[in-house]
Amino acid sequence: MAQKTLLEKLEILADAAKYDASCASSGTAKKNSLGGKGIGSTEGMGICHAYAPDGRCISLLKVLLTNHCIFDCHYCINRKSSNVRRARFTPQEVADLTLNFYRRNYIEGLFLSSGIIKSSNHTMEQMVEAARILREEYDFRGYIHLKTIPEADPELVRQAGFHADRVSINVELPTTSGLTRLAPDKNERQIEGAIAKTKHDIIEAKDARKRFRHAPRFAPAGQSTQMIVGADKASDADIVGKASRLYDSFGLRRVYYSAFSPIPDASAVLPLQRPPLLREHRLYQSDWLMRFYGYAPNEVCQATEADGNLPLDIDPKLAWALKFRGTFPVDVNRAGKEMLLRVPGLGPTAVRRIIAARRHRTLRLDDVAKVTQSIAKIRPFITALDWRPTTLTDRADLRTLLAPKQEQLELFA
Amino acid sequence: MTAMQRTSLTEHYAVHMPTPDDFAFWRESARDLIQCEVPPDRVSWIEPGGTGDLFGSGSSALPEPSKGAKPVRASKRFLSLARNAALHSDPQRFALLYRLLWRLQANPRVLEDKTDPDVRRVEELDKSVRRDSHKMHAFVRFRQVEAEDGSEYYVAWFEPDHHIVRANAGFFMRRFANMNWSILTPRGCLHWDGEIMRESGPAQRSDAPDGDPVEDLWKSYYSSIFNPARLKVGAMLSEMPKKYWKNMPEAALIPDLIAGAQAREAQMVAAGERQIRERPESLEAIHDAIANCRDCPIAECGTRAVMGEGSVGAHLMIVGEQPGDQEDVAGRPFVGPAGQLLDSALGEAGIDRSAAYVTNAVKHFKFAQRGKRRLHQTPMAKEIDTCRWWLESERAIVRPRIVLALGASAARGLLGKTVSLKSVRGAPIALEDGAELWVTAHPSYLLRLDGAAREEQAALFAADLTRVKARLAELQA
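Read top to bottom, the protein sequences are chains A and B.
For the first sequence, numbering that gives the first Met the number 0 gives the first residue as 0, with consecutive numbering after it.
For the second sequence, numbering that gives the first Met the number 0 gives the first residue as 0, with consecutive numbering after it.
There is no bait here: all hints are sound.
With a straight-line cut-off of 27 Å between C-alpha atoms, the simulated DSS-like cross-links for lysine-lysine are:
#1 K231(B) to K404(A)
#2 K196(A) to K185(A)
#3 K241(A) to K198(A)
#4 K381(B) to K232(A)
#5 K117(A) to K421(B)
#6 K421(B) to K185(A)
#7 K30(A) to K75(B)
#8 K231(B) to K376(A)
#9 K185(A) to K232(A)
#10 K245(B) to K231(B)
#11 K336(A) to K75(B)
If you're looking for bench data, these hints aren't it; they were derived computationally from the structure.
Only chain A is shown next, with the shape it has when bound in the complex:
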């Protein structure tokens, strides 16, 4: 067979990587290329260099080293039994491509993942080699995210952490039964063991840096993971529970959700209908509720409907508020921050502004309207100097009043 050109390989291996949700390049240690030999900088805030028509940002060069794989996970387009075109980069090619893109300001860095070839260790070695070439030979100081392989030798995974800003290990599916059924070659204990080991390494390296100024950094942007939504029967309540357990026990920076999309050559075990993208969105919203709004996991689960899934027509915060109307209305002039954060339509920024502004005056509904996006959604849940919702809060049709209007979808945008 003829050798594939770099362009063909990039097409195949970027196409295979598009099912990975994460593209974050934020939250890492600050560095720049002044005084070095190479290029690159990270200044805390991630930068999205382009947006694809699927609304997702393109911050990193997200490719697989290879899409050959010896595993047979049903949800994955690259599984052994799939019929896709295969290709393989050398570590040198990946490093050169990254640098060429970076010099033109197309990207923030590299997100490298891979199918498993030969063995987990061999694959991990190749990935670490690509990162090593970038860091040591080209003195590249941009962002690197490596997806590590839980089955690989822990020492290799540790090497990855020394070169990368962030490492991640996918938990793949929210339930153990789903994992055994859909990813027969993977093992939950092994995956969680590897995540725990990485957590330990991160803590240890942080501690060392406190005592020795030149101790090497280890994955300064922490670790993250990804779960596939809609490939198995897990409900939103299961998923939220699993995510909060992951946040708590492994100190993860992020749990990403990837709505299972109908992939070419999908396995017959999987549902053909994709789950609504909205479900993924609602899960991210619930993730936000736990991380920035002070909701406990069980409170998010309270917002789910009878089937254990979050409602799709309204957001989880509104769903919670409608279920617990007794806690409302909230007085914007007196209530504490925690209570204000529970008002549907008030985000952390609006709450901060309300609290700052009410030191100067007693707020009227107009004042609240000035610091928020839409007052109509908030009105039933607050009282202000000149506003009392009276029976509005308890109206039976409040949900229909507040739910966003259904729109006709565009056929050809």
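Could you slot chain B onto chain A? The hints should help.
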């Protein structure tokens, strides 16, 4: 003499800014004016080339504050807001900042009142300048050109909304410290040679280079990483408004990507689709149905579907890979060379072929034409999986106790996953319906071997058949 005495109550001042983004100059002037207690409505701030307001013709000689004047106070928050807001293209910005600074003297906490119109406006300015800077960091696209001395040199063209170019020089310097580059904009240009940052006046788009060889790679990356199953054009537009598109090479692809998304997604779904249909209830029904089956490309080659042979209730089902050249001609399974070898091996093991049900994992002959000859080609995993529907229907009707799979393709047809022959050979595998699956080599494999290797494999094959025979006898007893 106090400041009040030196500035008359009606005098109007005009401050001429040397450049539109000179925050330090504004700061100095504002400090002096406040110390002389000049209220905001008596100062106009005039940008270079601007005419100022109605009173713009006021005195441009600013009053000098006396030594003992009260120091001007400004909070850190105000300074950081003002530094950004001063870069906005709104001509009213300096007046707004002065008004706020003036109010800040009387009420140091004025910034905390987020409902105040001046505070909200300055925060809006700050926000849009920060956004513009962020988009500059993101959307500047360098193109490589060759410098006169043959070294690599990178040039970008960018059109910012506000006066942010100089303020962002540091970002690009820190990022591309060891690269020679220029950023050209209509509001001034930056040039970095690895050591010194130079500035020059406004440039035009025609000054920037046109293309770059790496752009093709980048475009192909952009269209490959896009997932057509999740089209969200609104989300893209809110972060990457159309005004930036003209200077981004990848943006030219967007209309086609959007237009083609539905077709691409439909393709993705169709590729994985299998219609839900009723299982046929008799072997005859299967026979009729497979003749018309076009679920996979093999069926489109003009060959005929070859149905299994045997009776309902047979204890043993033998499954091969697919019909060969002679089977296709005869319309019966295992009549070619491999079939003859199978027949003799079955005879030696004492298995009666006529009592067994003999069929194939794939019902059509897959071949490549070489002149007049049709050369056998192994079916793809997907094709086997597609045809599995028929094999399962046959099993559901025949209900064999033992299934003998010949070769890896047949094993996949029965198990739904690829197994290695070596690992599953010689021991039974329980199938979901309670039948036992035995896997052995395909007889055509023996036909391709010579000498010692053939003898060795033939012995293994015979041993497998003997085991199956013994097991069959046990079950029948």
